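**Q** Each chain, written out:
Number of protein chains: 2
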Amino acid sequence: MAIKFEVIKECGKTKARLGKLFTSHGVIETPVFMPVGTQATVKAMTSRELDDLGIHIILSNSYHLYLRPGHNLIAQVGGLHKFMGWKGAILTDSGGFQIFSLGKLNKIRDEGVFFNSHIDGSKHFISPEKAMEIQIALGSDIAMVFDECTSYPAGKYQIETAAQRTIQWAKRCKEVHHEPNQSLFGIVQGGAFKDLRIENANKLVELDFPGYAIGGLSVGEPKSLMYEILDYTVPCLPNNKPRYLMGVGAPQSILEGVVRGVDMFDCVLPTRNARNGSLFISSGKLSILNAKYKDDFTPLDNECQCYTCQNFTRAYLRHLYMSKEILASILGTIHNLYFMSTLMKNTRLALLEDRLLEFKEEFLAKFLS
Amino acid sequence: MAIKFEVIKECGKTKARLGKLFTSHGVIETPVFMPVGTQATVKAMTSRELDDLGIHIILSNSYHLYLRPGHNLIAQVGGLHKFMGWKGAILTDSGGFQIFSLGKLNKIRDEGVFFNSHIDGSKHFISPEKAMEIQIALGSDIAMVFDECTSYPAGKYQIETAAQRTIQWAKRCKEVHHEPNQSLFGIVQGGAFKDLRIENANKLVELDFPGYAIGGLSVGEPKSLMYEILDYTVPCLPNNKPRYLMGVGAPQSILEGVVRGVDMFDCVLPTRNARNGSLFISSGKLSILNAKYKDDFTPLDNECQCYTCQNFTRAYLRHLYMSKEILASILGTIHNLYFMSTLMKNTRLALLEDRLLEFKEEFLAKFLS
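Same order as they appear, the protein sequences are chains H and C.
So for the first sequence, the numbering used here puts the first residue at 1; every next one is plus one.
So for the second sequence, the numbering used here puts the first residue at 370; every next one is plus one.
Bear in mind the hints are in silico, worked out from the structure with no lab data behind them.
No experiment lies behind these values; they were computed from the predicted model shown.
Misleading hints may appear alongside valid ones.
Result set (DSSO-like, lysine-lysine): computed pairs, CA atoms no more than 27 Å apart in a straight line [said to hold, decoys possible]:
#1 H:Lys123 to C:Lys412
#2 H:Lys294 to C:Lys492
#3 H:Lys43 to C:Lys572
#4 H:Lys87 to C:Lys663
#5 H:Lys43 to C:Lys389
#6 H:Lys294 to C:Lys661
#7 H:Lys82 to C:Lys654
#8 C:Lys661 to H:Lys123
#9 H:Lys43 to C:Lys729
#10 H:Lys324 to C:Lys473
#11 C:Lys492 to H:Lys292
#12 H:Lys82 to C:Lys663
#13 H:Lys82 to C:Lys693
#14 C:Lys693 to H:Lys104
#15 H:Lys82 to C:Lys661
#16 C:Lys654 to H:Lys285
#17 H:Lys123 to C:Lys389
#18 C:Lys661 to H:Lys324
#19 C:Lys729 to H:Lys324
#20 C:Lys451 to H:Lys294
#21 C:Lys492 to H:Lys130
#22 C:Lys451 to H:Lys324
#23 C:Lys456 to H:Lys294
#24 C:Lys384 to H:Lys292
#25 C:Lys499 to H:Lys294
#26 H:Lys324 to C:Lys693
#27 C:Lys389 to C:Lys729
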C-alpha cells in the first residue's frame with residue numbers, strides 16, 4: 001500500500017506535530033529519526049539488534065545499491081526488505097546526493113547525470129526515469145525524486161538552475177512512477193535563497209506528492225542559517241503530509257527541526273560517530289579514545305538503559321577502540337542509536353504532554369553544556 | 370573454587386570420553402570447543418550473542434592483555450570476567466605461544482623470555498612467575514603454565530632443551546600459584562619425538578596438575594603426525610583430569626582428537642575464517658566471495674538453524690563481504706561458531722548414544738567430500 005500520514009496532535013507553542021506514518025511494513029510514530037543503511041545494512045547492526053533498539057524505519061542508498069550489488073539482483077529476490085532481512089519500513093534516497101558527493105567527473109545535463117563509479121571508475125548515467133526504475137526495483141516504502149543537490153556556498157544563478165531542474169526532474173519522476181506500494185516524495189531545493197526556496201516549494205506542492213523533503217541542507221552552511229531556511233520553507237508545505245529534513249542528525253538540529261514542523265530525519269552521524277569512538281551522552285559528546293577513560297569503570301552514560309551501558313564500562317570500551325576491535329563499533333553503534341531512539345521517544349512524549357519547549361530546553365542545556 | 374572434572378561416560382570403541390567440567394562460572398560439557406577472545410572479546414561477538422550460541426567457555430590471551438590494556442587495569446575492576454562482561458568460564462593461555470609467534474627479538478633464557486612488543490616495540494620480560502602474576506590478575510578459571518613452544522620442524526636438541534625448560538618452568542609456576550579460585554594446567558611439549566613427549570608427560574604428571582594440555586601441535590606439522598603424537602601422548606595423562614589440545618580447531622582434527630581422548634580444544638580458525646569469508650557448512654568450507662554465489666538466494670547451509678542461515682541468503686552475505694561491511698564478520702562469525710557448537714553437541718550426543726565412530730565417519734564423509 002501507499003503510505004498514509006496522520007497528524008495526531010499539534011504543539012500549541014511551536015510548529016511541531018505528533019504523527020503516525022502508516023506503511024506496508026509497520027506504523028512509524030513521528031517525529032522519527034531514520035538510521036542509515038547505506039549498503040543494505042545499518043553498519044555493525046543485525047536486523048534483530050535494530051528491532052531491539054525500537055527502530056522501525058531505515059534509509060538506504062539507491063546510488064550504492066545500484067552500483068553494488070545492482071538493483072536488478074535485489075529485485076530478483078523480491079526487493080530490498082527480503083534481500084537484507086529487514087521487516088521494518090525503508091526509505092530510499094534517489095542517489096542524487098551521492099552522485100554529487102561521491103561520483104567522479106559528473107556531467108549534469110537536463111536529461112540526467114553522467115558520472116563515474118567511486119568504486120571502480122566505471123561510467124554510468126542516471127536520469128530521473130532511471131532513478132525511479134532503481135527505486136521501484138528496490139521496493140522501498142518511500143522513494144525520493146531525483147534532484148540536483150548543490151553545495152554551500154554557491155551562487156544564485158547556479159542554485160536557481162539546479163532548483164528549476166529539480167522541479168523538471170520531479171515532474172518526470174512522477175510521470176513514470178506508477179508503483180502502488182511505494183510512495184514518492186518530492187524534494188525542495190533552492191539553497192539559502194528565500195525566494196528560490198519558496199518558489200521551489202510552491203511548484204513542488206502543485207505536483208501533489210504524498211510527502212515532501214527539504215534537501216540541500218546540512219551541506220556546510222551554519223546551523224543558524226539552516227534553521228532560518230526551515231522557518232520560511234516548512235510553512236509552504238501542506239500540513240497533512242509528512243515533512244522530511246534530509247541528512248540532518250545532530251540531536252540539537254533535530255530538535256530545532258521538530259519545533260519548525262519537521263517529521264522525519266536521517267543521518268549517518270550516530271553510526272559513523274560510533275565507529276570513530278564519538279559517543280552521545282546526556283551531557284554531550286564523549287570521545288572514548290581520550291586517555292582519561294583508561295581506568296574509568298563507570299558506564300558511558302549512567303542514565304542510559306542500553307545494552308552497552310548496562311553491561312560495559314568506559315575502560316572496556318576504550319580498550320576495544322584502542323585495539324580496533326569490531327565489538328567497539330557494535331557496542332558504540334548500539335549506544336548511539338539507542339540514544340537517538342530515546343531522544344525521539346522523549347520528544348514525542350513531550351509533544352503529547354504539551355511540554356515540548358521545556359523538554360527541548362532541558363535537553364539542550366545539558367547536551368550542549 | 371578450583372575446577373572439578375568428572376568423566377560421565379567412556380566410549381567403548383575409542384579413547385573418547387563424555388565429561389563435565391565444573392567451574393565458578395558454570396558447568397561445561399566436554400568434549401568442548403572454546404572460541405578465542407584474544408583481546409578480551411571474541412571478535413565481532415557481543416556476550417549475549419555468545420550466550421545465544423550456547424558457548425560457556427572462551428579462551429583469552431595473557432600476552433595481548435598484558436600489553437594492552439594491562440593486567441593490573443583488569444585486576445582493578447575485579448578481573449577479566451567483569452572487565453569484558455562475560456559470565457561464562459575463561460581459560461587464559463600463558464603468553465608463551467604468542468611471545469614466540471608475535472613478539473620480536475625474543476631472547477629465551479632459563480629465567481624467562483625477553484621480547485619486544487608487537488604493538489609498539491617496547492621491551493618486556495616474562496618469567497614463569499610473571500606469567501602467573503598476570504593470569505592471577507586476570508582471574509581466569511583456568512590458567513596455563515608458561516611454556517616454551519617450538520616450531521615445526523626443529524632439531525631434537527632444540528626440542529629437548531625447550532621441553533626440559535618447560536618442565537622447570539611448570540615447577541616454578543606451580544610454586545608461586547596459590548590462587549584457590551583458579552586451576553593451573555600443565556603443558557606437554559616434546560615436538561614430534563615420541564621419547565621426549567612421553568618423558569615430558571610423565572614428569573609433568575608427577576607435578577600433579579588439575580588438568581593437562583598438549584602444546585606445540587598444529588604448528589605446521591602434517592595432520593597425520595599430530596594424530597600419531599596424540600596416540601602416544603594422551604595415554605600418559607591421568608584419566609580423571611581434563612586433557613586440552615591447544616590451538617586445534619579444524620572440525621576433522623577435533624574429531625580425531627576426541628577419539629584419542631581429548632576433552633578441550635581452542636582455535637582462532639572459526640572466527641578468523643568467518644572474517645575472511647570462509648564459512649563451514651556440512652559439506653565442507655564455502656568461500657562466500659566466489660562469484661557463483663552472487664545470485665544464490667539460498668541460505669549458507671540448508672541444514673543449519675543459526676540466525677544467519679535462518680534469515681539471510683548467500684547472495685546477501687556475499688554482498689556484505691564484497692562491500693567490506695562489519696555485518697559480514699558478525700553474520701559469518703555467528704554461523705561458524707554455531708557450526709562448532711553444533712559439532713560438539715552432536716559429538717557429545719553420539720558419545721552418549723554409543724555411536725561416536727559412526728557419527729565421525731558420517732560427518733567427515735560429508736565435510737571432507
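**Q** Hint by hint, say whether it matches the structure.
**A** Now the hints, each set against the structure:
no. : hint                 : in the structure
1   : H:Lys123 to C:Lys412 : violated, 38 Å
2   : H:Lys294 to C:Lys492 : holds, 22 Å
3   : H:Lys43 to C:Lys572  : violated, 53 Å
4   : H:Lys87 to C:Lys663  : holds, 23 Å
5   : H:Lys43 to C:Lys389  : violated, 40 Å
6   : H:Lys294 to C:Lys661 : violated, 47 Å
7   : H:Lys82 to C:Lys654  : holds, 26 Å
8   : C:Lys661 to H:Lys123 : holds, 25 Å
9   : H:Lys43 to C:Lys729  : violated, 39 Å
10  : H:Lys324 to C:Lys473 : holds, 21 Å
11  : C:Lys492 to H:Lys292 : holds, 25 Å
12  : H:Lys82 to C:Lys663  : holds, 15 Å
13  : H:Lys82 to C:Lys693  : holds, 20 Å
14  : C:Lys693 to H:Lys104 : holds, 21 Å
15  : H:Lys82 to C:Lys661  : holds, 20 Å
16  : C:Lys654 to H:Lys285 : violated, 44 Å
17  : H:Lys123 to C:Lys389 : violated, 62 Å
18  : C:Lys661 to H:Lys324 : violated, 32 Å
19  : C:Lys729 to H:Lys324 : violated, 39 Å
20  : C:Lys451 to H:Lys294 : holds, 15 Å
21  : C:Lys492 to H:Lys130 : violated, 61 Å
22  : C:Lys451 to H:Lys324 : holds, 20 Å
23  : C:Lys456 to H:Lys294 : holds, 22 Å
24  : C:Lys384 to H:Lys292 : violated, 54 Å
25  : C:Lys499 to H:Lys294 : holds, 23 Å
26  : H:Lys324 to C:Lys693 : holds, 15 Å
27  : C:Lys389 to C:Lys729 : holds, 21 Å
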